[in-house]
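Quick mapping for you: the protein sequence lines, in order, are chains F and P.
Sequential numbering from 1 applies to the first sequence in my numbering.
Sequential numbering from 1 applies to the second sequence in my numbering.
If you're looking for bench data, these hints aren't it; they were derived computationally from the structure.
For each residue, glycine too, the CB sits at the ideal point set by N, CA and C.
Be aware that one or more of the hints could be misleading.
What the hints assert, rightly or not - Covered stretches of chain F, as calculated for chain P (at least 3 residues, CB under 8 Å):
id, region
1, 212-220
2, 224-232
3, 239-247
4, 250-264
What the hints assert, rightly or not - If the Cβ cut is set under 10 Å, some of the chain P residues that face chain F in the computed set are:
id, residue
5, Leu15
6, Gly122
7, Glu137
8, Ala148
9, Gly222
10, Thr225
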Amino acid sequence: MPLTTPWRSRALTAALLAAVLTTSTACGDDAPGTGAGGSIKIGLLASLSGTYQAVGTEIRDGFQLYLDTHDGKLGGRQVDLIVADEGNGAQTAVPAATKLLKQDRVSALTGIVGGGSVAGVTPVLNETKVPLVGSNGRPELKDVSRVWHTSYLSDEPGEAIAQHVRDNVKGSVYAIGPDYQGGWDELRGFTDAFGKIGGKLANADGKTTFTPFPATTNFLPYFARIKASGAAAVYTFYAGSAAVDFVKQYAQSEIKDVPLYAAGFLTEGGVLNAQGEAARDIYSVLNYSPDLDNAENRAFVAAWKAKHDGSPTTYALASYDAAAVLDRAIGAAGSNPTPEAINTAIGQLGQIASPRGTWQFSTTTHSPVQKWYLRQVRQDGRALSNTVVGDLATVGR
Amino acid sequence: MIAVAAGTNRIDPYLIPALDGVAYGLLVFVAASGLVFCFGVANILNLAHGLLYAIGGYTAAALLDGGWVSLALALAVGVLAAAATGVLLAGLLTPVATGNHLSQALLTFGVALAGGSLLVAGFGPDNPQVQVPAALEGSVMVAGHRYAAYRLVFIVVAAVLAAALYLVVRRTRAGMLVRAAVDDPEMVACLGVSPARIRAGVLAAAGALAGAAGVLGAPIIGPGTGTADTVLLLSLVVVVLGGLGSMAGTLLAALAIGEIQTLGVALLPSAAPFLLFAAMAAVLAVRARGLAGRWRAA
Numbered sequence: 001m002p003l004t005t006p007w008r009s010r011a012l013t014a015a016l017l018a019a020v021l022t023t024s025t026a027c028g029d030d031a032p033g034t035g036a037g038g039s040i041k042i043g044l045l046a047s048l049s050g051t052y053q054a055v056g057t058e059i060r061d062g063f064q065l066y067l068d069t070h071d072g073k074l075g076g077r078q079v080d081l082i083v084a085d086e087g088n089g090a091q092t093a094v095p096a097a098t099k100l101l102k103q104d105r106v107s108a109l110t111g112i113v114g115g116g117s118v119a120g121v122t123p124v125l126n127e128t129k130v131p132l133v134g135s136n137g138r139p140e141l142k143d144v145s146r147v148w149h150t151s152y153l154s155d156e157p158g159e160a161i162a163q164h165v166r167d168n169v170k171g172s173v174y175a176i177g178p179d180y181q182g183g184w185d186e187l188r189g190f191t192d193a194f195g196k197i198g199g200k201l202a203n204a205d206g207k208t209t210f211t212p213f214p215a216t217t218n219f220l221p222y223f224a225r226i227k228a229s230g231a232a233a234v235y236t237f238y239a240g241s242a243a244v245d246f247v248k249q250y251a252q253s254e255i256k257d258v259p260l261y262a263a264g265f266l267t268e269g270g271v272l273n274a275q276g277e278a279a280r281d282i283y284s285v286l287n288y289s290p291d292l293d294n295a296e297n298r299a300f301v302a303a304w305k306a307k308h309d310g311s312p313t314t315y316a317l318a319s320y321d322a323a324a325v326l327d328r329a330i331g332a333a334g335s336n337p338t339p340e341a342i343n344t345a346i347g348q349l350g351q352i353a354s355p356r357g358t359w360q361f362s363t364t365t366h367s368p369v370q371k372w373y374l375r376q377v378r379q380d381g382r383a384l385s386n387t388v389v390g391d392l393a394t395v396g397r
Numbered sequence: 001m002i003a004v005a006a007g008t009n010r011i012d013p014y015l016i017p018a019l020d021g022v023a024y025g026l027l028v029f030v031a032a033s034g035l036v037f038c039f040g041v042a043n044i045l046n047l048a049h050g051l052l053y054a055i056g057g058y059t060a061a062a063l064l065d066g067g068w069v070s071l072a073l074a075l076a077v078g079v080l081a082a083a084a085t086g087v088l089l090a091g092l093l094t095p096v097a098t099g100n101h102l103s104q105a106l107l108t109f110g111v112a113l114a115g116g117s118l119l120v121a122g123f124g125p126d127n128p129q130v131q132v133p134a135a136l137e138g139s140v141m142v143a144g145h146r147y148a149a150y151r152l153v154f155i156v157v158a159a160v161l162a163a164a165l166y167l168v169v170r171r172t173r174a175g176m177l178v179r180a181a182v183d184d185p186e187m188v189a190c191l192g193v194s195p196a197r198i199r200a201g202v203l204a205a206a207g208a209l210a211g212a213a214g215v216l217g218a219p220i221i222g223p224g225t226g227t228a229d230t231v232l233l234l235s236l237v238v239v240v241l242g243g244l245g246s247m248a249g250t251l252l253a254a255l256a257i258g259e260i261q262t263l264g265v266a267l268l269p270s271a272a273p274f275l276l277f278a279a280m281a282a283v284l285a286v287r288a289r290g291l292a293g294r295w296r297a298a
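Bound conformation, chain F alone:
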């Protein structure tokens, strides 16, 4: 028997495998419950495995830090925190959330890294009438009656930095980002606001250049086009490994001297370590920086550094704030803090003191009305760090 099969069948096998590897699917549906007593059950859902493990871990640690620094209590009640793994998206998040809501009957849910996971979990929240105080992913939602976010909307970073770029860049700006919902939102936030105040894009057709995601690992051909466009600055948004590739290649490319402005995730957390020197001097916009000078932040950063290596990220901060929101809401919900009562109380919180500065929930989007900061990657002791160099707009609606 010959060892080799016909070439055609192997070519077909390879082609099929290539096709399988390029596609993936996600979906989700289903439904939640409650619990009370002298203690209170809170469910935390975050990616503790998979692509977003780093972000998920920060979210878990941020929430835990608040509990550790507040005697393990929220609203005067001992917290029974039940942590579940969100995995890579809705497919794993929905079953995990369903267990938290229906089996463990938590009084409130927090965390959730992916926007797709939030969209998948929302129907279960509405069925079980439990509030979500999310700390990261925030998709377009029709009904936000039980959904609150301590993070931001994806188009807000770009909106907040547009005026600064308009004022400080003499010439046109090249907009480039990843080709998926998050990338579209982030870049649209910038280009809409930038266009409104008379800014001009350097892109050939006046539209943002979107790179295939996550397939793009080599940005050099795009840099050649940016060079040819004569742009005076670049605005971008990438996160995770794409952010590392983009920044490292940018620093060695022929546009290395063109100022780079970005949504803060480009240089936030673990990716900054991987980028190293290549990230130096990059400007970014974010709702938080560990060097903000206020009492809440000093306490937060000190408590974080006592337990972890490095500085806290915006992900950890958002989760810390989610715990602070639940703390006040449970306290205000009276002697019987049902999920409904907690949800009502969240809507009446008003101003919330936070390490990022004071913020409040928007009454329409249920996400923060907050100040954004301009940061630059600079030397901080032995490591590079995002340093606040100015205040930008307060955004939220």
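Got chain F sorted already, so can you dock chain P onto it with the hints?
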């Protein structure tokens, strides 16, 4: 390639992407040639091939400290670790009948998933930083354009690797046995050479190549959670485009992929998402054997 130098102003903006296409293509060649050997020679469909590259990449991230000694060390350790993993795969594959691609695919894909999780458990979920020797850290001017020094040197090194590979396959006894095993496996068995030994040898060699590509290519396709998938996908596209017949076909396909991914994207950015697969479909439609003929034509 550098000698092409500054052409007219129309060509000028595309010079660097074209040069980078060569660097990228040669990396894909070194990374994919292992898979092509496995598939074409030993008839083993090794879906853990991307894992072998990732092992090299993580080794580079762990050992490189900006010095030349660490680069040599990382190269040695990465090649050995990936080759050892290749031999382990050959051992695991022993009970699976040769040519049974479904069983091979399931087994090696399982190994790839488990191995990928082990790498993340060992090195963490973040993309580790890869520190190349300081002398190669910066950029150099090529025909009036700035280009990463490391990638320029990589082109030379990868070209040497490709040439060495060609000589080994053409001129050494091991290479002749491997080629003989493709042409007439029964006769090779009659000569007293165990096909199982050839299989283990080919997988070890494939691992060594992928490991070397992983270490040297770490600054280009860096280690991370998605690295194994990316490399496996590119390697499979090389198989489709270049066929299993010849090294020349593999090299041609890899360089084509490199240019499509860089020059093609620079010329037609709006078509970037499907350029590579459109090229793959076109080649399959026009010429199902791939860009070049059979192995003996090497």
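Quick rundown of the hints versus the structure:
{"no.": "1", "hint": "212-220", "result": "holds (count 7)"}
{"no.": "2", "hint": "224-232", "result": "holds (count 4)"}
{"no.": "3", "hint": "239-247", "result": "holds (count 4)"}
{"no.": "4", "hint": "250-264", "result": "holds (count 4)"}
{"no.": "5", "hint": "Leu15", "result": "8 Å, holds"}
{"no.": "6", "hint": "Gly122", "result": "13 Å, violated"}
{"no.": "7", "hint": "Glu137", "result": "8 Å, holds"}
{"no.": "8", "hint": "Ala148", "result": "4 Å, holds"}
{"no.": "9", "hint": "Gly222", "result": "7 Å, holds"}
{"no.": "10", "hint": "Thr225", "result": "6 Å, holds"}
Violated hints amount to a single one, hint 6; each of the other numbered hints is respected by the structure.
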